[in-house]
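Chains as they are written, first to last, in the working numbering: chain A, 1469 to 2112; chain B, 400 to 654.
Some hints here could point you the wrong way.
Partner residues are not named here, just some residues of chain A that face chain B (Cβ under 10 Å, in silico) [claimed, not checked]:
#, residue
1, L1636
2, G1637
3, K1747
4, S1946
5, V1973
Computed spacing ranges between beta-carbons, pair by pair [what the hints assert, rightly or not]:
#, chain 1, residue 1, chain 2, residue 2, range
6, B, G451, A, K1842, 51 to 61 Å
7, A, K1765, B, N405, 36 to 46 Å
8, B, S446, A, E1862, 22 to 32 Å
9, A, K1488, B, N544, 20 to 30 Å
10, A, E1952, B, I625, 53 to 63 Å
Here are some chain B residues the structure puts well away from chain A; computed CB gaps all over 12 Å [claimed, not checked]:
#, residue
11, K409
12, E414
13, R476
14, R492
15, Q587
16, E612
17, F644
If you're looking for bench data, these hints aren't it; they were derived computationally from the structure. We put the beta carbon where it would ideally sit given N, CA and C, even for glycine.
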Amino acid sequence: MILDSKIPEGPLAEKWSKHKFNLKLVNPANKRKYTVIVIGSGLAGASAAASLAELGYNVKVFCFQDSPRRAHSIAAQGGINAAKNYRNDGDSVYRLFYDTIKGGDYRAREANVHRLAEESVNIIDQCVAQGVPFAREYGGLLDNRSFGGSQVSRTFYARGQTGQQLLLGAYSALNRQIHEGKVKMYNRHEMLDVVVVDGKAQGVVTRDLISGKLETHAGHAVLLASGGYGNVFYLSTNAMGSNTTAIWRAHKRGAFFGNPCYTQIHPTCIPVSGDHQSKLTLMSESLRNDGRVWVPKTQAMAEQIRKGQLKASDVKEDDRDYFLERKYPSFGNLVPRDVASRNAKEAVDDGRGVGGSGKAVYLDFSDAINRLGKNAIQAKYGNLFDMYYQITDENPYELPMRIYPAVHYTMGGLWVDYNLQTTVPGLYALGECNFSDHGANRLGASALMQGLADGYFVIPYTLGDYLANIGPKPIDTSHPAFAETQKAVEDRLNKLLSLKGTKTVDEYHRELGNIMWEYCGMARNEAGLIKAKGLIQELKADFWKNAIVLGKNEELNMSLEKAGRVADFIELGELMVDDALNRKESCGGHFREESQTDEGEALRDDDNFAYVAAWEFTGENMPEQLNKEALVYENVKLTQRSYK
Amino acid sequence: MSGNMNLTLKVWRQENASDKGGFVTYKAENISPDMSFLEMLDVVNESLIKKGTDPIHFDHDCREGICGMCSLYINGRPHGPKRAITTCQLHMRSFTDGETITIEPWRATAFPVIKDLAVDRSAFDRIQQAGGYVSVNTGGVPDANEIAIPKVIADEAFNSATCIQCGACVAACKNASAMLFVSAKVSQLALLPQGQPERYRRVQSMVAQMDAEGFGGCTNTGACEIECPKEISMTNINRMRRDFFTAKLFKEEEI
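With these hints in hand, go ahead and build the complete structure from the sequences.
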């Protein structure tokens, strides 16, 4: 199949506005004849649902949480980028575009990223109008901070809770439309399949998580905004419920999966403390504005620290290795995430890690506290410091934080064209669940930007074109495809419920996570990936024989929910390994040990891999088919990334 | 491992909304002080599942204190014994070896139990749907810096906006009143210039919905403020009362 990205013709800066003009419109009186289904109520889902309902479409929104406001966007800490240039420090739409393309290690589409940069400025205006309480200066205007991979201050923030405030803004817009009767909200409902009629997405099968009742819903289009799949690693910064089921089911119904192996390992997370660990907690990248990353210069000294014979504060300045500042003088502690993570791993692998396990490096605020005072640091990062204290029982105002990289974000996701449509007509993917804007590495404070750009400012235009083309003819669930799809879902649930083995679903999930982290994590190589593929296949076979799933369908059954999600993660894990095996280059977060520069940086192979890998499902237990979308760069010159 | 604890748990089990429910006692053994409270429950659940017993159902998601999904009434206090944190941030080092811990769901008429420790808090959503927003559509809004807001006002609005909608205030209140929650929502927008056009209409519709949901009245006891994991201040309640009564001074068509 030839992938048509539908990137508009013309100069980069004019593509989006010309495209918007060329898209068909739906007459206001006809909008109410359409129904749109939205899966997920995070930044992308809530903003899309509210905006579409405001335009006059009927919208049905589904989320598995008990309220749409709990979606994991709520946990984003640091901020949201926008090319406002309020600081007069040289920012522009083009610079945000350039930083994002470079940060993504030249594996994103130019046209998409430019559009994202253009819309970034509108997002801030929109959120402020909704009453989002961004941080302000004494003059009453908005404040900014810096994030990795950029030399300007373009990140807008609300203390360490930016995602929460932005999501509450989108949630309030959503609430208004629920009140108006334009949005019907389904809490505690999980989408378990997409219904495809004559090649077009026309509905979904959902399960009411309280009663277990399966329902079919028809819509003229289905928008997936179900978030990322970082929980394939078991331990990640994602919420416990974050899962891949919606996009994986869609994948099996014909939506290609783009760049599944691109995962972001975030450098600053609280290290693992034991086998009981259920999730990892991020310490916002914004902390790298003021925190300095270091380990002792010698292994001997690190050993003393690990044994508790030496305290971090007793290590003299000369004995410390501020490795990011040393290696990357121009970006220092604010190098992009993939670079910071790999360097932390390198220090730990070199035997210079700290903390009891030795799997940590320091993030030290003592300089900033001396320079600015404790109060200033508290005002900026108070909630993060408190969070750190609660988890570790150590006071970060007095001792440096111990941090280590953890899985945080997935740049990969469903392949979409410029209109955010997947390879199934009528099926769209927004926010983290699509692959589109971050290439092989996402810059900090860009996820919120992308989720809201997709929902507020892209989909309201691009979806209209599709709807205008198919026309407002009424649709319902009477087509046999609905009953067939529901039956398939029911059979799968029954199969899961019949599993009465000896191992819990969590044990399988943890095992999958170990395989993924070990062989498909921060560093990958051919032998390891081949081994991982075998291990995952064995795990899958064992799961469907020996897992324990208790209870019945007709009740709140969290065992059953989890089992379905983990079964999907296992299959996705194998595809991620396939993708990582295929991509014999390093780029951004995908680091193939066989492909690195003399200095240990990711070495791309543009001649052979400047493409999006879009994987096509061909049948159960069949190898997936690789399709390629060539990445064409007309404005940016591909170079080895340098943050030195 | 040394330092690990053995605990007795008295857990509320209730099959569904219509079941009467009751306490069941479980042992939680070899619990590390570094575990979070929910990780301790994970360990108990794993052992229950292996014995073929339905695991204890409780709501949780982000496990970093921000989504507001976790709840639990632990030894008679919402989110347990420590101040200003959620249950998912509570760690077992706050308990001692041999201790008996009682775990119950939020108890309020407006929060019916769904199963075990999970309750239905959709009443909170409905209160916000009644008017907890600024009526602006996407697009066509002024530049963000055209609206200057004094830092103190922005900060105060932010403090109100940090509410995570967990319901601890209701669970803590002897009247099961939702005043702290609703007033935080009302305050955020009442403080900001963006919220002014609908200020009095908003407070009236949100309070009306709050009453319709069956929450109790406020008697200024202050348990809500003490137990709120985000330290939402009772000042919000005063602010909401002031706006509510001010609204009564207007004729209906004036607001």
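Here's how the hints hold up against the structure:
1. With a cut of 10 Å, the hint placing L1636 of chain A at the interface with chain B holds, because the nearest CB-to-CB distance is about 7 Å.
2. Satisfaction of the interface hint for G1637 of chain A is found here, the shortest Cβ-Cβ separation to chain B being roughly 9 Å, below the 10 Å cut-off.
3. Below 10 Å, beta-carbon pairs count as interface contacts, and K1747 of chain A has one with chain B at about 5 Å; its hint therefore holds.
4. A cut of 10 Å between beta carbons decides the hint on S1946 of chain A: the least distance to chain B is about 31 Å, and the hint is violated.
5. The beta carbon of V1973 of chain A is positioned within 10 Å of a beta carbon in chain B (closest approach about 8 Å), and the interface hint is therefore held.
6. At about 53 Å, the beta-carbon gap between G451 of chain B and K1842 of chain A stays in the expected band of 51 to 61 Å.
7. The hinted window of 36 to 46 Å between K1765 of chain A and N405 of chain B holds, with their beta carbons roughly 44 Å apart.
8. A beta carbon spacing of about 31 Å between S446 of chain B and E1862 of chain A agrees with the range 22 to 32 Å that was offered as a hint.
9. Remark: the range hint 20 to 30 Å for K1488 of chain A to N544 of chain B is upheld by a beta-carbon distance near 25 Å.
10. A C-beta distance of roughly 55 Å is found between E1952 of chain A and I625 of chain B, which places it inside the suggested range of 53 to 63 Å.
11. For K409 of chain B, the condition that its CB be more than 12 Å from all CB atoms of chain A holds, with the nearest at approximately 21 Å.
12. Interface exclusion of E414 of chain B from chain A breaks down, the closest Cβ pair being 8 Å apart, not more than 12 Å.
13. For R476 of chain B, the condition that its CB be more than 12 Å from all CB atoms of chain A holds, with the nearest at approximately 16 Å.
14. A beta-carbon of chain A is positioned within 12 Å of the beta-carbon of R492 of chain B; the least distance is around 6 Å.
15. Under the 12 Å C-beta cut-off, the non-interface status given to Q587 of chain B relative to chain A is violated; the minimum distance is some 7 Å.
16. Under the 12 Å C-beta cut-off, the non-interface status given to E612 of chain B relative to chain A holds; the minimum distance is some 14 Å.
17. Consistency note on F644 of chain B: stated as away from chain A, and its beta-carbon is indeed over 12 Å from all of that chain's, at 23 Å minimum.
Going through the hint list in order, the structure does not satisfy hints 4, 12, 14, 15.
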